[in-house]
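Participant: If you want the building blocks of each chain, they are given just below.
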Amino acid sequence: MDKLLPQEIVEQVRQVFGQLQHPVAALLFASQQNCDYCAETQQLLSEVAELSPLIEMSVHDIEAEADLAAHYNVTGKAPAIILAAKDGGQITDLGIRFLGLPSGHEFGTLVQDILMISGRDSGLTAATREYLKSLEKPLHLQVFVTPT
Amino acid sequence: MILAEGVEATEFSALANQYAISGVPDTVINNDAGRALGAVPEAQLLAEVRRAVEK
Chain C
0 MDKLLPQEIV EQVRQVFGQL QHPVAALLFA SQQNCDYCAE TQQLLSEVAE
50 LSPLIEMSVH DIEAEADLAA HYNVTGKAPA IILAAKDGGQ ITDLGIRFLG
100 LPSGHEFGTL VQDILMISGR DSGLTAATRE YLKSLEKPLH LQVFVTPT
Chain U
0 MILAEGVEAT EFSALANQYA ISGVPDTVIN NDAGRALGAV PEAQLLAEVR
50 RAVEK
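In the order they appear, the protein sequences are chains C and U. Here the first sequence is numbered in numbering that gives the first Met the number 0, starting from 0 and rising by one per residue. Here the second sequence is numbered in numbering that gives the first Met the number 0, starting from 0 and rising by one per residue.
Isolated chain C (complex conformation) (with noise of 0.2 Å):
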């Protein structure tokens, strides 16, 4: 299959990495059955992993894994990508997904969400981390949004 990303915007997010700071763990779900995007999916993820040394990317299948699928609440979700904090060998979970190919305009959010989780801050004011933090129910935030 050709390359997906062109040149010049490998380049771009090359350079961009250069900015990563610790391990990212993407960790994405696809599935044998039914998937659409879940090929493309992966080829782009591999694309994006490829560009630095400190995104450490892995493959899962939705079905064959399902109780993994099921920790990370994306069972039925293919193609579906866990961005996670990496340290020593250690996957944190930080609660964020993307489900389906994100490409055109959500190829922008993948590479933020990269940097963000790479740079280990969140970026929110110290008001809203104090509010999340007293949460004592879990919150679901599903973000619908389109290529272009």
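I should point out that these hints are in silico values taken from the structure, not numbers from a laboratory. Accuracy of the hints is not assured; some may be wrong.
Said to hold, decoys possible - Quick list of the computed label-pair ranges, beta carbon to beta carbon:
#1 Arg50(U) / Gln6(C): 44 to 54 Å
#2 Ala69(C) / Ala32(U): 41 to 51 Å
#3 Ser45(C) / Arg50(U): 37 to 47 Å
#4 Glu64(C) / Asn30(U): 23 to 33 Å
#5 Val52(U) / Glu10(C): 39 to 49 Å
#6 Leu67(C) / Ile1(U): 13 to 23 Å
#7 Asp31(U) / Gln6(C): 36 to 46 Å
What the hints assert, rightly or not - Pairs of lysine-lysine, DSS-like flavour, derived with a Cα cap of 25 Å:
#8 Lys136(C) / Lys76(C)
#9 Lys85(C) / Lys132(C)
#10 Lys2(C) / Lys54(U)
#11 Lys54(U) / Lys136(C)
Note that the structure is predicted; figures quoted are calculated from it, not measured. Note that beta-carbon positions come from the ideal geometry of N, C-alpha and C, so glycine has one too.
Add chain U to chain C, keeping to what the hints say.
Facilitator: For chain U alone, coordinates are given in the frame of chain C:
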């Protein structure tokens, strides 16, 4: 635990239909206890989260 998902609306159209998504970005909070349409500033999203959580 906070779960923050970006959801590609055309690929996950059943989910988008479930929440009657008509414009993006649209943030669904705790299964529609709250909504924030558009790329809203942090304070506005937080206010909507508060409303949804206190329901």
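Participant: Evaluate each hint against the coordinates.
Facilitator: Cross-check of the supplied hints:
no., hint, in the structure
1, Arg50(U) / Gln6(C): 44 to 54 Å, "holds, 47 Å"
2, Ala69(C) / Ala32(U): 41 to 51 Å, "violated, 24 Å"
3, Ser45(C) / Arg50(U): 37 to 47 Å, "holds, 41 Å"
4, Glu64(C) / Asn30(U): 23 to 33 Å, "holds, 26 Å"
5, Val52(U) / Glu10(C): 39 to 49 Å, "holds, 43 Å"
6, Leu67(C) / Ile1(U): 13 to 23 Å, "holds, 20 Å"
7, Asp31(U) / Gln6(C): 36 to 46 Å, "holds, 43 Å"
8, Lys136(C) / Lys76(C), "holds, 23 Å"
9, Lys85(C) / Lys132(C), "holds, 22 Å"
10, Lys2(C) / Lys54(U), "violated, 48 Å"
11, Lys54(U) / Lys136(C), "holds, 12 Å"
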